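K.L.:
Residue numbers (this note's numbering), protein chains in the order written: chain D, 184 to 606; chain E, 2 to 330.
The hints are simulated quantities; they were obtained by calculation from the structure and are not laboratory data.
Quick caveat, the model's predicted, so the values are computed rather than measured.
Worth double-checking, as some hints may not be accurate.
[Said to hold, decoys possible] In silico DSS-like pairs for lysine-lysine, Cα to Cα no more than 25 Å straight-line:
no., chain 1, residue 1, chain 2, residue 2
1, E, K158, E, K310
2, D, K570, E, K55
3, D, K588, E, K42
4, E, K78, E, K205
5, E, K179, E, K310
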Amino acid sequence: MSSLTSPDSVPIDPAHPVRSYPRFIWWGLGEATNGSLLFYTWMFVLTAIALVGANAWAVQVSEGMIVTNMTDHVSWGLYIANFTFMVGVAAGGVMMVIPAYLYHDKKMHDVVIIGEILAISAIVMCLLFVVVDLGRPERFWHLIPGIGRFNWPMSMLTWDVIVLNGYLLLNLHICGYLLYMRFLNRQPNPKWYVPFVMISIFWAISIHTITAFLYCGLGGRPFWNTALLAPRFLASAFVAGPAFILILFSILKNVVGQRLEDAPARLLINIIRVTIVVNLLMVVSEVFTEFYTGGSHTASAHYLFLGLHGHYALVPWIWTAMIFNIVAAGLFLSPLVLKRERVLVFACILAFIGAWIEKGMGLIVPGFIPSTLHEIVEYTPSLVEWKVSAGIWAFGLMVLTVLLKMAISVYRQSPAPATESTR
Amino acid sequence: MSNEPANSDGPTNSSGKQTPDSDQNLLPILGQPTSRRTALKAAGAALGLAAFGKAVSPLMVIPENVSVDEFLQRHYKELTDEDKQKIFTRMEKETKESYGAEVSISDPQPIPGVRYGYAISLSKCNGNGKCMEACHEENNHHRGVDQSYIRILEMPKGTMDMEQGNTTYDHTVPQDDKFYMPVQCQQCDNPPCVTVCPVEATWKEDDGIVVVDYNWCIGCRYCEAACPYHARRFNWEQPEIPAEEVNPDQGYLSNRIRPQGTMEKCHFCLHRTREGRLPACLEACPTGARVFGDLNDPESPINYVLQNKRVFVLKEELGTQPSFFYFFD
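Next comes chain E alone, as it looks inside the complex:
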């Protein structure tokens, strides 16, 4: 075996040496003995590495913004109560440092036996947008953008084709020939956003609310592409909120200020509803178009609507099975 490489050395040597020779003609310094060339390569590599270090130096903000604890933080479902206490304390401290606001982060659990449903009367909704404003404030959205989990479609009467709709109207409401259809997370029973998430950063809770662990999400935005209701939002930058406007009543899985680069969504205000209060959008609605309640409770207003009104869901044909209903009075 050792002979064979030796045999092939003959032609190899002659051809192998041609490259340095031709180099010498082009750039003499490169045709120098090996040590010289090696030194040059090393210098080139060192220079390249230095340039690379300089190029990626903006990344140095990561250690400043992401503590070791946050980097190593486990998935929500793997946290013990003790872990959670530590994490919430850390987050409260970080919010104080970054936003100057005293907040308290809680983690209300689903109430056993409760499944939430939401309904909107298309006869009553007049597109005034108070629900959007309330959502914006309740959920500590970035003040720089006109963000909300709710979008209101202004639709011409006589169609359910969303292509005819308009979400950016700024005239007085209601218009005579229009009706108004607010769309937010439908808390699907078969949520496409949960199916596609590669790291299980989003899931459906026992009370039917689809939530996101903002500290586990990697920001691939696949869920945003998968959602048929445009219900998911991405934090394109760190939210900015004046200290006096920060809502201090915060839930870990709901309205705490989200980190840059992660997904968020409507969570039926679970920090309120799991404690017996109503969603902020419902409280803000001046027309009484919104109905919220426990689908498992026969006495709840949501069940009255489902039994007595003409009810439909959006994009039923996609098989997402929303817990969000529309009806006419």
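Just chain D, same shape as in the assembly:
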């Protein structure tokens, strides 16, 4: 046991190499919990936020969801908004896989690992956001096929459970296998990962499509009942995912000196350049059909963009998102993002926040306002909801940090000649 926990013993003692996969994971966790003062401070702060969130959730479970500001009129709020957005980040994270494997772009392979690590953390957050939204979390076992009663294939929510968990397993397998082989300095066997990579590409699209179907399949909610919802989800996902990866690499470069090569960075930027414009185009199309036609179908869009009957709670949110998206689009289309990293990171942050608002407060909440009987009940998240959400974000970032540290440790232990990391 003692030899396992000591990371230094691995390279020093060749008589006791870490061979088995569980031991490799254990070793990786040991590596991931070593770091500088900055690292410990970062993890300490995240732990503190996560604990505040855990406490808020426990209070919510014991006192009832009355502690949230959700009502029978607006029955999904900040949790489901964040869930929807994180599904997008998870799907977007894997978009690096397409150039890497479909177009055999070797330089993308390192980015793929990062994208998949991001996807894993995002899916963990998604699952947590769903769990905290349950009124009776202790009955989650009713959702387990075989033990409970799984309303498949009728309920879109059961589809979502399947695709999200499947996606998590797929990414854990691909990531773990590639890193393990790298660690052993062995050439990965394509049979063990290429088929899974191909599946994960379609799966990434499926998680977001099915999450969109959750909403657009509801005939009683005209704001969501549009065929454009799934494509819009995908477009904004392919903005948010790559944007987060670019921000991540900027941080990694400054903190641990891990650089992203120019070609993959350029490709990520190009992905965003296209999808951010496509996303804006689809927003314009929807806004046009809503407002040009008019009638009661427009009520939610009217409430969102202009306010309705003296209610304006979401108007500042959506215009912030619109401005962020438009400015980000302008920056991404200019050559500045390629030349100046600060501009790039700024544009990425704008695009990321823009997508978060658009998919969250800008999509989930207005679906409920006005209600199906056209009553207007507004919604502002309660402090408990903010705490729980912040806690899940903090936990997700902890997962991300630990996985990234494991991956970077592997790369440093076994630098392959072609993709040697700069240190």
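Since the structure of chain D is provided, determine the placement of chain E on it from the hints.
P.N.:
Quick look at chain E alone, frame taken from chain D:
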């Protein structure tokens, strides 16, 4: 194969040791030999776990509020008569403990060959709200909120656009330029709420009533999002009802006091109607606007309305096929 890791040890060692070295400069205690570091990690993990335990300690109410029997209780459709008897006895006991009220929980079954329908005369309804009050009392709703399965829309004459309607009026009724439209569960033939439920906690019974197993629902509120008639309600907290106000005549699938965190809805008062009585909202209506009956019985008042009045359903275009009708006299 064993050579290869050894080969890579060279550069690894030097780079691998850099991290502890740089740590030493920042925080000497972290650069100590491995045992020290391991001990620190263990201490950190223990501290973290303790803090986590403290943070989630409010969850300790779950074992108090949820008995093992309730936690493991199967879906309604999987219960034998014997199981049901045990469960009902347990629930009666729990109601006595929590609310101080003696209640009896029954489980009336659909009457073979009967399909219920409900109709409302928009000419007669004057928006007095007696049906809402009766529903509130009959169904043991939380007294802290103004809850009912029925909402009454006050609409300006000349439109069916609900956007023109108002549910929160508090002036005298009826107003001359208004008409009144109560909306409650439409007991659809193609209910979107049943389709979307991920755990089959809600379903349509043979007599056309859509019910919820309050002890199977996980509280995801997807059905509430799916319902086009705002007919579903969520128990945001444990209902509070004074013992003397608890309606003791309770059905497992209808008006027993619902657990916190689960969905509920109008069930056409099945604990009454399946025993030949009328829904509470109908009995309370002073204008006689409400008509209830068996759609399969040609002699029933509901069939008279369907055959002789100008009848329509709400949001027909959504394909939900309601068993709830509106008509003009």
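K.L.:
Determine for every hint whether it applies to the structure shown.
P.N.:
We went through each hint and held it up to the structure:
no.	hint	in the structure
1	E/K158 x E/K310	19 Å, holds
2	D/K570 x E/K55	16 Å, holds
3	D/K588 x E/K42	16 Å, holds
4	E/K78 x E/K205	12 Å, holds
5	E/K179 x E/K310	21 Å, holds
Figure legend: structure checked against the earlier numbered hints; every hint is met.
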